[in-house]
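Undergrad: Protein chains in written order, with full-length UniProt numbering: chain A, 1 to 209; chain B, 1 to 226.
Hints listed in this document are in silico derivations from the structure and should not be mistaken for laboratory results. Each hint should be verified, as a subset may be incorrect.
[Unchecked claim] Covered, in the sense of this in silico footprint (three residues per stretch, anywhere, with C-beta under 8 Å from a C-beta of chain B), are these stretches of chain A: (1) 168 to 181; (2) 186 to 198.
[What the hints assert, rightly or not] Per label pair, the in silico range of CB-to-CB distance: (3) Ala157/A to Gly42/B: 22 to 32 Å; (4) Met97/B to Pro206/A: 42 to 52 Å; (5) Gln8/B to Leu145/A: 49 to 59 Å; (6) Pro51/A to Ile98/B: 53 to 63 Å; (7) Arg64/B to Thr4/A: 30 to 40 Å; (8) Arg99/B to Ser2/A: 51 to 61 Å; (9) Glu89/A to Pro171/B: 16 to 26 Å; (10) Arg64/B to Pro203/A: 18 to 28 Å; (11) Thr63/A to Val94/B: 50 to 60 Å.
None of these values were measured; they are calculated from a predicted model. Note that the Cβ used here is the ideal one computed from N, Cα and C, for glycine as well.
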Amino acid sequence: MSLTLYDYELDENGYKVRLLLGALGLPHATVAVDMIPGAEQTRAPLIDLNPLGTLPILVDGETVLREAEAILLYLAQRFDPGGPWLPREPDAFGRTMAWLVFAARDLHAATLARRTAMFDVPGDAIALERASRDAFRAMEDHMVLQAIADAGFFVGATATLADLALFPAFALSRDHGIDHEAYPALRRWARRVRALPGFRTMPGIPDYH
Amino acid sequence: MSDPGQPQGWYAVALAADLDPGTSAGTRLFGAELVVWRDAAGSAHVWEDRCPHRGMRLSFGFVRGDHIACLYHGWQYDAAGQCRYIPAHPDLAVSPMIRARTYASLERLGLVWAAWGEEPGPPPDAGADSLTPLRSLYLDRPAARVRTAFADASKGGLASGLLRTTLAEIPVLVAVQPLADDRCAAHFLIDRPSDALTRSDRARVASACMAWRRSVEARSGERAAS
Ligand code: FES
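Next comes chain B alone, as it looks inside the complex (with noise of 0.2 Å):
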């Protein structure tokens, strides 16, 4: 459940690239765990990272199908949450309480966002649809320190949040996601098509990222304790 303090909203996650169909992976929202997993019809999902048998991460699990299973005991829950299977009790039809608990998701321009809060207001959509899709930095840094080192550079944001900025003379788009007080991701994307864009492009925007990385490390001084 969403802290009144923090803004209810869509946030980005991952990027939609990172996620292979079949896999799912752990991450955090205002400190809340979720896990973020890709069904192998391609569909992603966002869910808390939490077991309803005993509460294990299911981000450490494994996906089949249409369904993603606890490594623990191996329960299988559907796309729904729903617990399907139970393998200590093959024949056992699963009781409809036990569900894991889902979060609104989409996939929108190259992103995976889960909407955060009773209200998270319409979903994102920045207007622009031919963006190529970087990568996703992870910093030991507030969300609010890295949306203020974009102020100087940043051109104006976007309905959905994503800051505007440019990076070795390309324009990218970034999404910023509040994992935890004192930490967050920067998910970078280039806002121009991917057949726009040369391999060499792609490589100095990649290296510009991580010079960026370093700024915004150097700027705030010693790292915050991991």
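Extracted from the complex, chain A is given alone in its bound form (with noise of 0.2 Å):
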């Protein structure tokens, strides 16, 4: 076996696999990709081995795959077969692939707002910001119901796949300027995720419990 990452570290979507090979305790290599200002994923040699020239980037010998959340499931079903990660129970499994959705999609507003804020990337802030708050507050009120049902994580009582997607975007709200105050239940599953086994921080998440 041998895993190669391509990642920016400073990138959101690159946290959410480096959570998971931590997690699971994967052996890998990374290589540095200068994404912002170089923009090198959309340039040979990497836009040949993803033409959408976008980051994450996984290489494990002849599979080569983008987008966090399906490096995400592919490294849970080669890795983590019948584990937690991956519920296969199909109610379970049904809700996990939803939150995965949510957070390429609903949660992508807050990486956006991200970049924009830090990184110059152009954007409009305000409606960047208002869709964050949104996903956000989408995500409070799940949180809200799964306390009442003695669940810690997004999908159950243990961490799945959904709350390694969902963390970043959270963790990392105060560098677009979206404090954690609105959130108590989301604070509460956050120092969860901490606490979890193989867990690491990225710049922005202080390192401190």
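Starting from two chains that each stand alone, build the complex the way the hints lay out.
TA: So, in structure tokens, the structure goes:
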């Protein structure tokens, strides 16, 4: 086995994958890509690995994958079959997938808001902030109901890929001016994610717990 | 310091159950930034959210035992707000002048309360002690708007400023926290002991809370600019 992750340290999508690599304790090589400002991923040789010109990219032998959520699914299937990260039971599987879609679609606003705030990437900051707040509010409402059901994570009592895909945007929201004031249930959930074995931080997420 | 236009008194700033020992959270009261934190022994504290060193927000920091530490240069403050440790000068006896500004606070009825103003009056006491905390809702609406939304349903407030209403046919109490001119938090408590409630009761009230929020936001038109 030889895993290689093409990654930009400040990118929260790459961080999703790093969280799972840490949780599964998988040895891997990292190739640091100059995404901002270099946009190296949009030129040869990386554009040949991923014609969409996005990060992260995972290479595992003949397998080349893009999209953080797809990489999470791949790693869970390959290295944790039958394990907790991707539940097999149909209901829990469906709900895990729903939150992975949410992470890639609804929560993408927070990724863009952060790039606009931190790296001067063009974007409609007001619209992105509103969309980010809407996404965080949907997450908060969900975790309030989960707490009533005695479930500490997004899908159930134990962490799944959903938690790893959702954590980065919330943990980094202060980078684009969204404080955690309005999200008490998410604050408590984030502490549980931080306590998972193999958890790692990234720049912007203080290492104090 | 409180503005004369703002009513002095005790204000709920968090559900006690949402503040785990050894954690901190930022919030606001009338626009003033506050840090609410709970030490490892379980006592809650409400301070101005400003580190005396360079004014960074203490709520970004972390709690160690009965101290809160600032994230930026690691200055540590004891439960009374006195700075006790400066990492860059570990052997220095810290001047008693270096203190964080604290607010009087207490925990009652499942809420953390902070005193606003020089004469906040007597601390909250609803005469009820068997309440079940539900959740806090944060709205881009002025506190007055939220209080009005309860006016029809409210069957008389309590001395502590808690509003009384019914959600999903279950009695609830609501404490409104004015965050800023255009924002507030509503802290919901169920007026029943937790052993008298099933999980599905609590889930029903929680869903009714969200429906209530939708109606408040719809009634007052476009959401205020964030
Ligand atoms: S600003 Fe808090 S320690 Fe420097």
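Undergrad: Next step is simple, just say for each hint if it's right about the structure.
TA: Hint check results:
Chain B is given as covering the stretch 168 to 181 of chain A, and this holds because 4 residues of the stretch bring a CB closer than 8 Å to a CB of that chain, at least three being needed. Proximity of the stretch 186 to 198 of chain A to chain B, defined as three or more residues with a beta carbon under 8 Å from a beta carbon of that chain, is established by the 3 residues found. Taking the beta carbon of each, Ala157/A and Gly42/B are about 25 Å apart, inside 22 to 32 Å as hinted. Restraint check, Met97/B to Pro206/A: a C-beta distance of roughly 28 Å breaks the suggested window 42 to 52 Å.
Between Gln8/B and Leu145/A, the C-beta spacing of about 37 Å breaks the proposed range 49 to 59 Å. Take Pro51/A and Ile98/B: their Cβ atoms lie about 58 Å apart, and the range 53 to 63 Å holds. Checked against the hint of 30 to 40 Å, the C-beta distance between Arg64/B and Thr4/A comes to roughly 39 Å, which is consistent with it. The given range of 51 to 61 Å is respected by Arg99/B and Ser2/A, whose C-beta atoms sit roughly 56 Å from each other.
Taking the beta carbon of each, Glu89/A and Pro171/B are about 38 Å apart, not inside 16 to 26 Å as hinted. Range check, Arg64/B to Pro203/A: Cβ separation about 22 Å, and the 18 to 28 Å hint holds. The hinted range of 50 to 60 Å is satisfied by Thr63/A and Val94/B, whose Cβ atoms lie roughly 57 Å apart.
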